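Peer 1: Sequence:
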Amino acid sequence: MTSTKPAGSDPAPRPKRRSFSPEYKLRIVAEYDGAPRNEKGAVLRRERLYHSHVKEWRAARDAGALENLVDRRTGPARVKKSATEVENEKLRQQVERLQKDLARNKAALEVMGKASALLEMISESAD
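Each number in my numbering comes from the position in the sequence shown (counting from 1) with 104 added on.
Keep in mind that the hints were calculated from the coordinates and are not lab data.
A couple of the hints might just be wrong.
Think about it this way: if two alpha-carbon atoms lie no more than 27 Å apart in a straight line, the pair counts; the simulated DSS-like pairs of lysine-lysine are [claimed, not checked]:
no.	residue 1	residue 2
1	K185	K120
2	K194	K218
3	K120	K144
4	K120	K218
5	K184	K194
6	K204	K218
7	K218	K184
8	K210	K194
9	K194	K204
Note that the structure is predicted; figures quoted are calculated from it, not measured.
Work out the full structure, taking the sequences as your base and the hints as a guide.
Peer 2: Rendered as structure tokens:
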């Protein structure tokens, strides 16, 4: 059987993050807090939320930080470094690695030189 999808394509679509408005968060916190003890889990399951969501949103509400109820995970991405900054960082790492290698090699050569001198001294005294 042949596939109609090109080779190497991802069969499953990528999941999208959910974002919650401050109004939604406040409504869910109020509903969760007002629900009887045995129905709190039903609220979370219905909304597909975790207790940690409600806990975080309640803490922000109690702190009076309505603007903090905005989901930080969906905020702007980290600022990307320019190509020159990325290249400079790679070169710095390479220089650091090469300096470590050089120091290790110098130490090895020093040990080898001392061993060679010791062997020469031993062979001269044996003659």
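Peer 1: If a hint holds in the structure, say so; if it does not, say that too.
Peer 2: Quick rundown of the hints versus the structure:
Restraint check for K185 and K120: the C-alpha separation of about 25 Å stays at or below 27 Å, so the hint holds. Restraint check for K194 and K218: not satisfied, since their Cα atoms lie roughly 36 Å apart, outside the 27 Å limit. Only pairs whose Cα atoms come within 27 Å are accepted, and K120 paired with K144 is accepted, the gap being roughly 26 Å. As the CA atoms of K120 and K218 are separated by approximately 64 Å, the hinted pair breaks the 27 Å bound.
Taken as a hint, the K184 and K194 pair is honoured in the structure, with Cα atoms around 15 Å apart against an allowance of 27 Å. For the given pair, K204 sits about 22 Å from K218 by alpha-carbon distance, which is consistent with the 27 Å threshold. Proximity of K218 to K184 is assessed by CA-CA distance (about 51 Å); at most 27 Å being required, the pair is judged violated. With a C-alpha separation of about 24 Å, the suggested pairing of K210 with K194 holds against the 27 Å cut-off.
A threshold of 27 Å between alpha carbons decides the hint, and for K194 with K204 the separation of about 16 Å falls inside it, so the pair holds.
In terms of the numbered hints stated before, the structure departs from hints 2, 4 and 7, listed from lowest to highest.
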